[in-house]
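Undergrad: As a plain string of letters, each chain reads:
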Amino acid sequence: MSSLHELQLGFMTAIFSGAPNGLGLELVENGISGELRLDIYRNNVFGALTQALRLTYPVVHTLVGEVFFNYMAKGYIREHTSTSGDLTHFGSGFPVFLEEFPSALDLPYLPDVAYLEWLCHISYHSADHMPLALERLANLPPESYDNLRFRLHPACHLFASSYPIHRIWQICQPDYAGNETVDISLGGINLLVQRMGLRIMLQPLSKGEFALLGAFSSEQGFAEACAAALEAEPGFDLSGSLQRFVTQAIVVDFLE
Amino acid sequence: MLEVTSMACAIPAKAGVGLRAQHYRELLDTLPVVGWLEAHSENYFGLGGPPLHFLEQLRFHYPLSLHGVGLSLGSTDPLNFDHLGKLKSLIKRFEPALVSEHLVWSSVAGRFLNDLLPLPYTEEALRHVCDRIAITQEFLGRQILIENVSSYLQFKASDIPEWEFLAEVYRRSGCGILLDVNNIYVNSVNHDFDPLNYLRAIPRDAVQEIHLAGFDHYNNILIDTHGKPVYSEVWNLYRQTVQRFGKVPTLIEWDTDIPALSILLKEAHKADAILGERHVLAA
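Protein chains in written order, with this note's numbering: chain A, 1 to 256; chain B, 1 to 283.
Chain B on its own, in the form it takes in the complex (with noise of 0.2 Å):
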């Protein structure tokens, strides 16, 4: 008789790659040297088909995260159960590791925006989040990983700094933080701060996952695109978040103009040396 045995297992302190439709067939038929794969939470909540035999197949190589992009955490509307219902049965059936959302709002009074729309730093938007987020990971019965986002604008009404923001929810709600290493690149530059007062404000045992992406310019404001390979300044950002946090798992994304998986496999194995190296923990 078979033994049945969970599928649940622990993401390595390696690189990972996002999981996209345009590789499934290579890499179930490949099945490539890679730490994980991280698969978008939403494409997987169809009934049947492609995607989640594809999802089931890969998942006995591989282990995986699930990364939701339509949760709409900071939004005043009310929680959408049934988009919490549907990621519940996908973690019940899947076994992912880690499972993660974004510091966001992207709906109000129904309508969805379907983008990661930043939220006002202030107490009452603090309050609001880590409610949602505590309601959230009640109903899943388990932690998720909270990440940063990119943005383009500053709200008026912000009066907390946007690392001490993200600080606070961890501390408050008993998440996780997924810190995604671009997007601080990212923000440090549109909004003009030192990218390591962000990483020196965030507790060093908040982090259980880091991001890599590459970004877009346009009009001096740059772009998280996930278009492009990462820049080198966000490897060094990366390998300073190294030295603060030590091994983490970290995923490369890639979301436009998706490229020949043999490239996404060789940003994750630049990220694979980085964490490979002698770090010596700064105090």
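Okay, chain A solo, but in the shape it has when bound (with noise of 0.2 Å):
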């Protein structure tokens, strides 16, 4: 093994664990401990990937205040390498943690809305995508319309929770005004994630619009896709809102 690299993995382990001196590191301390000198980085690293999981997942700061946030990003940090240079892609498996963080236990909605925050993250960085014009459809002959795969816009994402966490997102919002309690008993909400222009917009979907976009978004074909959405929602009206999704550049293309 390169001195560099045993250099590297000590310096990296003296982070990590905290202990001192990982791998016999070897500094010079010139008035000052290199325990001391180490716990500058220790605070920096700690410090960048925790600020990173704030930017992300704003809601939950919010829910949870800033003290027990920091608690549980240092746990989450400690656990989940991060693996790129690019903190975009930092923290996905935030949603997934707190469902076993044991002091988060009596909030049993906080993952859902770390998973919708995660998904509006996502969102923000997806790939930009033309509306799907219409005259392309008119275009085809109506025998063809059963096979057709539609496509969601490359920023929307779909979400269903059993708890209330569209309000919950609402209340937490930083211009949020109103009336900030949520009855849990509000019961489950479908959502649609979807970046209108440039801002990211959440959507409440019913049964059948949650069924046909969830179709869609697995490659169903159209004939397969609406069964799903009447068997949802009996007397569903799939045209209307086929052309509203269309319209507002939800459904932004399909294949033959």
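These are calculated hints, taken from the structure and not from any lab test.
Careful: at least some of the hints might be erroneous.
What the hints assert, rightly or not - List of simulated lysine to any residue pairs, SDA-like, C-alpha gap at most 20 Å: (1) LYS228/B - GLN51/A; (2) LYS156/B - GLY31/A; (3) LYS156/B - GLY10/A; (4) LYS86/B - ALA127/A; (5) LYS228/B - GLY47/A; (6) LYS74/A - ARG111/B; (7) LYS228/B - ILE40/A; (8) LYS86/B - GLY47/A; (9) LYS156/B - TYR41/A; (10) LYS92/B - ASP128/A; (11) LYS86/B - ILE122/A; (12) LYS156/B - ARG37/A; (13) LYS86/B - HIS89/A; (14) LYS156/B - GLY34/A.
Claimed, not checked - Taking beta-carbon pairs under 10 Å as the criterion, some of the chain A residues facing chain B (in silico): (15) GLN8; (16) ASN30; (17) ASP39; (18) LEU49; (19) ASP128; (20) ARG199.
As the structure is a computational prediction, the values presented were derived from the model and not from experiment.
Note that the Cβ used here is the ideal one computed from N, Cα and C, for glycine as well.
Fit the two chains together into the complex; they arrive one by one in their own frames, and the hints show the way.
TA: What follows is the structure, encoded as structure tokens:
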């Protein structure tokens, strides 16, 4: 093993284990102990990764407060390796981590809120896409409709929760000024995360809408998707919904 | 028909500011007089959305430099060609006049610390990092600038002074130097050396960009937080830097407690005033 590699491994061990001087890292003390010097790097490393989580999970941060958020973040950072020089990818496992985090168990909705925030984060950085040109559909022979596989905008994500996470999300927005209580018995919700212009929006969906878009996103054919929507919501307005999804650039493409 | 021209244009020997998301809208609405913008490359590695939208809009109005923080050039892990590929696409799309990275490592054994960690200044590390810079430049098809960093410790293994190490990286790898004057000052206090010796060790034609920022104090150690105005000691050292290296594009960096754009621009105008002074280049 090269001495450079050994030094880097020793440094990393010292940062994450907290144990002094991993693998015999030799530092010049010069009036200040090596441990104090390493502490600065520990603070920098944990600080930058905590800040990355805070930026991705602002609602979780608001719900639990600064002190508890930092405590959870520290636990997450210890267990979950950052694997990229691009911090955008860091924190994908945070929702699952919260499901198991003992002190967060009395906030059963927290993992779902976190998962919703991760989808918002992904949506923010997803590819752009042109709206669907309706004449492309109009030019198709009607008999080909059944097998069309519609595609959602790359920034669209679906999420169903058994908690009222839309309401929770709303009261935690910085510009929210209304009543700050949420009745947990409001029950679950089906949500669409989308990017409209440059903003991330959440749209509650009916059972039929959610089933239809879910079928599209799992690449089912149009006939199958319609059947799923009607089963989820008898009397569901298929053509009206599809038209709205195209107009709002939620459905942006199809494969024949 | 529209004439298609290249957006690439040289960075003027003026002050620029670091591009931060908080200022996207105001920059675009007011188009303030500032020489150029510098963006953190990794913030634009996504496939779409607001960051790329704003960078594209702003690119029409300002010369651009791309500054990387995550390539981990000094790491003993294999170079990350996925990361380099994204950087290359970004360069192709936005045609920055300058592309820079740090003289650091930030990952080992597949784990990223996402911090700018100092190398031991040894012949082994020198060879390693020069090889990696050469591969990077070859892959990108262009020269990159390498920036000196602040550090809060020194390895006993180091047997080359930091300034000689940096100068040697320049001579061996064919890169340019992005000289961070604040980092030189911070290290001169933390490791007790004369910052003017540092400046004198750097070849005159190596420096293509300068960084300025503010630091914080922690137990008699200066920490490069990029969260304060530039200190007067650093302005003085900057003046001496300009005397030695001439008028070089200079960036005001501010990354924590990011202030109003007007404060950032005021700092840039201070740098412009120093760049505008008549300097007699010292022999």
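Undergrad: Check each numbered hint from earlier against the structure, then list the numbers of those it violates in ascending order.
TA: Number 8 - this is the single hint that the structure violates.
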